[in-house]
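Visitor: Protein sequences, first through last, are from chains A and E.
The letter at position 231 of the first sequence is residue 231 when you use our numbering, and the numbering goes up by one with no holes.
The letter at position 28 of the second sequence is residue 28 when you use our numbering, and the numbering goes up by one with no holes.
Each hint should be verified, as a subset may be incorrect.
To be verified - Pairwise CB distance ranges, derived in the manner of DEER restraints:
1) A:R109 to E:R11: 23 to 29 Å
2) A:G170 to E:Q460: 34 to 40 Å
3) A:R154 to E:V342: 51 to 57 Å
4) E:I401 to A:G170: 34 to 40 Å
5) E:K18 to A:R226: 46 to 52 Å
6) A:G170 to E:V423: 45 to 51 Å
7) A:K90 to E:T360: 21 to 27 Å
Said to hold, decoys possible - Chain A regions said to be covered by chain E (calculated; three or more residues, Cβ under 8 Å):
8) 108-114
9) 142-156
10) 170-181
I should point out that these hints are in silico values taken from the structure, not numbers from a laboratory.
Predicted model only: the values in this text are computed from it and were never measured.
We put the beta carbon where it would ideally sit given N, CA and C, even for glycine.
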Amino acid sequence: MALPHVAQRSAEPARISMDSGVRRGPRPGARRRPMIEVRGLRKEYPVGDESVVALERIDLAVPRGQICCIYGESGSGKSTLLNQLAGLEKPTRGAVRIGGVPVSSLSERELAVFRQRHLGFVFQSYNLLPTLNAVENVAMPLMFRGVPKERRERAARAMLERVGLKGRMGHYPAQMSGGQQQRVGIARAFIAGPQVVFADEPTGNLDSRTKVEVMEMICDFAHAHRQTIVLVTHDDHMARYADRIVTLFDGRIVDDTPNTH
Amino acid sequence: MRFADILRLCRQNLLRRKSRTVLTVLGVVVGCCSIVLMVSLGAGINEQNERMLESMGDLSIITVYTGGSGAGGGADGKPAALDDKAVEEFRSIPQVAGVTPMASMPYTASLKTGGGDRYVVDYVQVMGIDTTQLDAMGYVLLEGRAPLRPGEALLGEYTAYDFTDRFRAGEDSMRYHSRGSGGMCVYDETTGTCREVADDPDPFFDPLDTPLTLVTGPSFNGLLSSEGVMAGDTGAGAPLETTLTPVGILEEDYNKGGATSSGVILPLDDLKRLIRDADPSSARASAYDQVLVKVSDMAQVGEVEDQIRALGFGTSSVRQMRENLEEQSRAIQLILGGIGAVSLLVAAIGIANTMVMSVTERTREIGIMKALGCTVRDIRIMFLGEAGAIGFIGGAIGCVISAVASVAINLVSFGSVDVRGVVTALVGGGEAVRVSVIPWWLYLFALAFSTAIGLLSGFQPANRAVRIPALDAIRNTT
Numbered sequence: 001m002a003l004p005h006v007a008q009r010s011a012e013p014a015r016i017s018m019d020s021g022v023r024r025g026p027r028p029g030a031r032r033r034p035m036i037e038v039r040g041l042r043k044e045y046p047v048g049d050e051s052v053v054a055l056e057r058i059d060l061a062v063p064r065g066q067i068c069c070i071y072g073e074s075g076s077g078k079s080t081l082l083n084q085l086a087g088l089e090k091p092t093r094g095a096v097r098i099g100g101v102p103v104s105s106l107s108e109r110e111l112a113v114f115r116q117r118h119l120g121f122v123f124q125s126y127n128l129l130p131t132l133n134a135v136e137n138v139a140m141p142l143m144f145r146g147v148p149k150e151r152r153e154r155a156a157r158a159m160l161e162r163v164g165l166k167g168r169m170g171h172y173p174a175q176m177s178g179g180q181q182q183r184v185g186i187a188r189a190f191i192a193g194p195q196v197v198f199a200d201e202p203t204g205n206l207d208s209r210t211k212v213e214v215m216e217m218i219c220d221f222a223h224a225h226r227q228t229i230v231l232v233t234h235d236d237h238m239a240r241y242a243d244r245i246v247t248l249f250d251g252r253i254v255d256d257t258p259n260t261h
Numbered sequence: 001m002r003f004a005d006i007l008r009l010c011r012q013n014l015l016r017r018k019s020r021t022v023l024t025v026l027g028v029v030v031g032c033c034s035i036v037l038m039v040s041l042g043a044g045i046n047e048q049n050e051r052m053l054e055s056m057g058d059l060s061i062i063t064v065y066t067g068g069s070g071a072g073g074g075a076d077g078k079p080a081a082l083d084d085k086a087v088e089e090f091r092s093i094p095q096v097a098g099v100t101p102m103a104s105m106p107y108t109a110s111l112k113t114g115g116g117d118r119y120v121v122d123y124v125q126v127m128g129i130d131t132t133q134l135d136a137m138g139y140v141l142l143e144g145r146a147p148l149r150p151g152e153a154l155l156g157e158y159t160a161y162d163f164t165d166r167f168r169a170g171e172d173s174m175r176y177h178s179r180g181s182g183g184m185c186v187y188d189e190t191t192g193t194c195r196e197v198a199d200d201p202d203p204f205f206d207p208l209d210t211p212l213t214l215v216t217g218p219s220f221n222g223l224l225s226s227e228g229v230m231a232g233d234t235g236a237g238a239p240l241e242t243t244l245t246p247v248g249i250l251e252e253d254y255n256k257g258g259a260t261s262s263g264v265i266l267p268l269d270d271l272k273r274l275i276r277d278a279d280p281s282s283a284r285a286s287a288y289d290q291v292l293v294k295v296s297d298m299a300q301v302g303e304v305e306d307q308i309r310a311l312g313f314g315t316s317s318v319r320q321m322r323e324n325l326e327e328q329s330r331a332i333q334l335i336l337g338g339i340g341a342v343s344l345l346v347a348a349i350g351i352a353n354t355m356v357m358s359v360t361e362r363t364r365e366i367g368i369m370k371a372l373g374c375t376v377r378d379i380r381i382m383f384l385g386e387a388g389a390i391g392f393i394g395g396a397i398g399c400v401i402s403a404v405a406s407v408a409i410n411l412v413s414f415g416s417v418d419v420r421g422v423v424t425a426l427v428g429g430g431e432a433v434r435v436s437v438i439p440w441w442l443y444l445f446a447l448a449f450s451t452a453i454g455l456l457s458g459f460q461p462a463n464r465a466v467r468i469p470a471l472d473a474i475r476n477t478t
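Kindly produce the complete structure, drawing on both the sequences and the hints.
Guide: Okay, structure coming up:
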């Protein structure tokens with residue numbers, strides 16, 4: 001019963017604490033069932049008259065608070081899997097549930113509201129809006145939720161301070177280095193206190209020293225509030241930060257091992 | 001998303017590409033100006049027509065005459081008689097303020113006065129009306145009072161200026177009056193130019209203090225043209241001479257009889273008696289040639305006119321003319337407005353183009369916003385807001401420029417530039433005849449229309465923006 005569930009969640013008042021921007025309180029269904037649940041997922045893309053299978057027979061369960069790395073060479077289907085998990089694309093077959101909500105069968109509007117409330121994103125190319133400064137970029141997810149400007153920008157400044165950009169509040173993306181931009185991106189992903197943060201090659205464009213900083217920052221945030229991270233990467237150095245490494249090859253899960261670092 | 005936030009994003013996006021926004025707005029400004037100015041020229045024609053009708057006199061007068069265009073006829077098939085009974089019928093129509101029969105002297109009439117009949121005027125209009133109805137009919141007494149006793153008469157506004165001095169020759173034999181059309185022009189032979197006479201001269205005599213002699217008769221041909229007739233050598237009898245005492249002067253109003261300009265106005269009974277005395281054989285029926293009906297409210301002229309026609313009479317009023325003029329200026333306004341609308345259409349294409357470009361440029365941003373949870377509705381509102389803002393700003397600037405241009409056009413037509421002229425050019429008033437008239441509703445209409453054009457042109461681009469999948473934000477890596 002997808003709709004009543006979503007409606008009930010939407011009715012919850014947005015609880016955002018000012019110090020961290022992280023949401024507290026009970027998370028329905030989080031204790032008993034895994035945060036992310038994937039069953040029999042299959043994705044085909046039409047190419048000309050034929051269709052290419054990008055993902056096949058994917059079954060996955062990620063418990064709350066886990067940092068799960070989806071590892072694979074390019075073309076292995078890891079980005080496709082991330083799109084299915086985040087509800088950016090509909091699977092051909094199978095279902096994805098996040099916190100018990102069947103995201104693969106939500107309408108576009110329900111998905112938008114669900115993303116506002118429960119998901120965060122860190123992109124490889126940062127994807128900050130060039131017309132907005134650092135504070136406005138970080139506050140953007142709260143703006144979509146209708147939080148008043150003053151409140152959301154106070155939260156955004158607190159987040160920027162936590163990622164070490166206290167002196168860059170009013171800077172525009174073009175005035176910042178890649179590492180700084182990605183830190184803004186991380187602040188933006190975590191400001192609304194999402195239950196799950198998807199990170200797509202978050203260190204792909206960074207030098208090795210900044211990579212470590214960025215990854216540690218993501219992991220710290222996640223551990224502090226028991227947030228679930230899905231990290232997609234082809235860099236095995238980065239995979240070390242994960243609690244668990246799921247390896248994809250040709251659209252199938254070929255390996256799924258816990259990481260004991 | 002809050003509306004204020006959407007507006008803020010709109011503003012940021014419009015300011016991002018300043019020159020493009022400015023150029024697009026400029027297109028709307030031109031379109032808006034052309035529509036407003038074109039329609040204002042049409043409205044100017046309207047105002048000119050209105051002034052013209054006003055100068056023609058009282059617009060609420062209906063002239064009733066016997067017969068009419070075939071529609072008439074009483075119960076017995078004969079045309080309805082325009083007699084005292086009919087006058088009472090007209091008076092009983094609720095919207096009617098006053099009724100008077102209007103009779104005129106069927107013979108040539110002349111006036112003479114002064115020692116040795118020095119001052120004369122030929123072919124004077126002599127009109128008989130019900131002088132008890134002067135106020136009700138809206139006749140304006142410039143001087144004096146209404147006639148009370150037999151032998152008292154009213155003069156037209158310029159009657160006294162029609163007299164010729166028989167003892168003088170050339171220019172000196174008349175006293176000219178400019179009659180409300182600006183200064184009188186006197187040709188100066190030495191300089192060869194036209195010299196304006198500042199003040200109108202007084203007539204030869206004081207019209208309210210000088211008894212006049214009215215000369216008339218069935219075979220009378222005028223005092224100046226045929227002196228011989230004066231001697232009474234024709235068989236039909238000598239002309240009749242009556243002494244009249246002018247007691248008042250009426251304001252000129254052709255809709256209430258030409259005699260109000262240069263003629264003599266007598267009480268109806270006096271005129272009847274005069275005609276009987278001049279020619280006893282002309283024992284006329286009790287019917288009148290014409291009856292004037294004054295309607296209390298100008299807007300009801302048509303209604304009253306229809307009622308009178310239904311009684312079997314013919315009517316005429318300025319209504320028909322007014323309707324024709326209005327129809328004409330409406331057609332002109334439509335054509336002019338259409339020409340203006342074409343340029344606004346071009347502006348609309350400009351807005352659509354700008355918005356399509358903007359959507360294409362911002363594909364990636366739209367994707368990011370969608371991925372971060374911005375709803376489709378908010379994205380649509382944002383793009384429509386940008387397009388609408390271009391229309392609104394263009395419309396507002398266009399209205400201001402139109403107002404300035406309209407004032408400039410009017411000042412050129414007035415031929416003078418001063419503070420009072422500027423005010424008159426903007427809001428009109430007084431006797432001023434403006435070429436370009438912008439009524440207040442035209443500003444509102446132009447603003448609303450420009451905004452609507454903006455929204456309409458933004459509709460398709462906004463739909464395009466909405467259809468961009470969130471995925472593109474992630475795929476389109478730089």
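Visitor: Each hint needs a verdict: does it hold in this structure or not?
Guide: Tested hints:
1. A:R109 to E:R11: 23 to 29 Å: holds, 26 Å
2. A:G170 to E:Q460: 34 to 40 Å: Check passed, 36 Å falls within 34 to 40 Å.
3. A:R154 to E:V342: 51 to 57 Å: holds, 52 Å
4. E:I401 to A:G170: 34 to 40 Å: With Cβ atoms ~37 Å apart, the hint holds.
5. E:K18 to A:R226: 46 to 52 Å: Given about 47 Å between the Cβ atoms, the range holds.
6. A:G170 to E:V423: 45 to 51 Å: This hint holds: roughly 49 Å between Cβ atoms.
7. A:K90 to E:T360: 21 to 27 Å: holds, 25 Å
8. 108-114: Satisfied; 5 residues make the cut.
9. 142-156: Coverage by chain E holds here, the residue count being 6 at a Cβ distance below 8 Å.
10. 170-181: violated (count 0)
In this structure, the one hint that does not hold is number 10.
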